[in-house]
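Participant: Residue numbers (full-length UniProt numbering), protein chains in the order written: chain A, 1 to 144; chain D, 1 to 144; chain S, 1 to 144.
There could be a bad hint or two in this list.
[Claimed, not checked] Chain S side only, calculated, beta carbon under 8 Å to chain A, not exhaustive:
#1 A14
#2 A21
#3 A30
#4 L71
#5 A73
#6 V82
#7 G110
[To be verified] Listed next, with one range per pair, are the computed distances between beta-carbon atoms:
#8 P144/S x D70/D: 16 to 24 Å
#9 T139/A x D70/S: 22 to 30 Å
#10 A62/S x R74/A: 41 to 49 Å
#11 A59/A x P9/D: 15 to 23 Å
#12 T88/A x S94/D: 33 to 41 Å
Simulated from the structure, these hints should not be mistaken for lab results. Here a beta-carbon is modelled for each residue, glycine too, at the ideal position from N, C-alpha and C.
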Amino acid sequence: MTAQAPTAPADVYAEVQHFYARQMRHLDMAEADAWADTFTEDGSFAPPSRPEPVRGRPALTAGARQAAADLAARGETQRHWVGMLTVTPAADGSLTAESQVTIIAVPQGGPARLHLVCTCRDVLVREAGELLVRERVVTRDDRP
Amino acid sequence: MTAQAPTAPADVYAEVQHFYARQMRHLDMAEADAWADTFTEDGSFAPPSRPEPVRGRPALTAGARQAAADLAARGETQRHWVGMLTVTPAADGSLTAESQVTIIAVPQGGPARLHLVCTCRDVLVREAGELLVRERVVTRDDRP
Amino acid sequence: MTAQAPTAPADVYAEVQHFYARQMRHLDMAEADAWADTFTEDGSFAPPSRPEPVRGRPALTAGARQAAADLAARGETQRHWVGMLTVTPAADGSLTAESQVTIIAVPQGGPARLHLVCTCRDVLVREAGELLVRERVVTRDDRP
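Throw the hints in and build the complete structure from the sequences for me.
Facilitator: As structure tokens, then:
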């Protein structure tokens, strides 16, 4: 039998599910500031498209704005779906959240298409009662 | 920092997740009456395909029957996936449930395809202990 | 009004969601032994591709190994997404978990595609505190 990692209790799990729904909604609605505010002040995001992580809210906001502008120029929206989520509490009070993220691209006029399937590993921390991403690493499932 | 909307507790969130799983299963299995019974007696459903909302269980049942007949005629089934769900309690005891809904079309013989990606905003109320939809507004993500 | 099936409480629902996330991750990461260990010793799995269920961990491991080898030979990975999940407790302490499973195929180099949409019906039991599948029946939504 494989030893199971400790599992976050149901209330934390529901909170993390809400967190992702809101965070991805901000991203998909081009709310770049609100999206960046779901990271800690010095939060980092290592997307598959860049050699170095993006770090800090100003850089995160700028990145989200650029991505939104690129999508608008193509007449597309995206929907980020988080699924197959596990949440594991660490001894320091942080949470490790691992999930699959499917990005659906929706051109105006359709049809929608699967754009990317990614694996996401977040370290979440609580500040002033709210969950924030301290560190995010995203890898594409179609790349080695 | 963005002020967070109040979040439904874990037991309500799990209940709403069950609610959608059952409701969409009724729809996808062509159980038109059972599906309409997940709305209040005068519940309304504003789908993207109609200028006016469908209102009341008899009209909801008729709409679901027609949709099922259209699908059967094409030799297809559909699977409605609800994801990225937030549940926000209102002062009057109702719940606002916002989600993404992806509709997968499955022709007999395959292959499955992404049919539509929608945004769903429900007002849920409790009657005799059970959650019901009082008002549903669905918008297509590929339309302005 | 349709009588609702009894619904598992939120803590059990969250546990089952974690269970599937871990179990499918084992499968998709080609961890055949760890995947087989999520079934009971004599657990059975009736996949749509076989006339008879696969029964017992050695046979389950062998099946997962073969599937992983076939995928590797094609240069693909798969991501199993479980959604629209209901969990219903039975009188004997087991849980009936019903869900949709979407399998996304991800060739190296992309693009990802919808591979199959299935309906999954599991009987889950608890042994030494952990959930395990005693019986799984999977049907394809594109077949009668």
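Participant: All hints are to be evaluated individually against the structure, with a verdict given for each.
Facilitator: Evaluation of the provided hints:
Using the Cβ-Cβ criterion of 8 Å, the hint placing A14/S at the interface with chain A is satisfied: the shortest such distance is roughly 4 Å. Of the supplied interface hints, the one on A21/S holds, with its beta-carbon coming within about 4 Å of a beta-carbon of chain A, less than 8 Å. Against a cut-off of 8 Å between C-beta atoms, the interface hint on A30/S is violated, since the closest Cβ of chain A lies about 13 Å away. For L71/S, the shortest C-beta to C-beta distance to chain A is roughly 12 Å, which exceeds 8 Å, and the interface hint is violated.
Below 8 Å, beta-carbon pairs count as interface contacts, and A73/S has none with chain A, the closest being about 16 Å; its hint is therefore violated. Nearest Cβ of chain A to the Cβ of V82/S: about 7 Å, under the 8 Å cut. The hint holds. For G110/S, the interface hint holds, since its Cβ comes within 8 Å of a Cβ in chain A; the closest pair sits about 4 Å apart. The hinted range of 16 to 24 Å is satisfied by P144/S and D70/D, whose Cβ atoms lie roughly 19 Å apart.
Taken as a hint, the range 22 to 30 Å holds for the pair T139/A and D70/S, whose Cβ atoms sit roughly 23 Å apart. Between A62/S and R74/A the CB atoms are about 46 Å apart, so this pair conforms to the stated range of 41 to 49 Å. Look at A59/A against P9/D: about 35 Å separates their beta carbons, and that is not inside 15 to 23 Å. A hinted range of 33 to 41 Å holds for the C-beta pair T88/A and S94/D, which are about 34 Å apart.
Of the numbered hints stated above, those contradicted by the structure are hints 3, 4, 5, 11, listed in ascending order.
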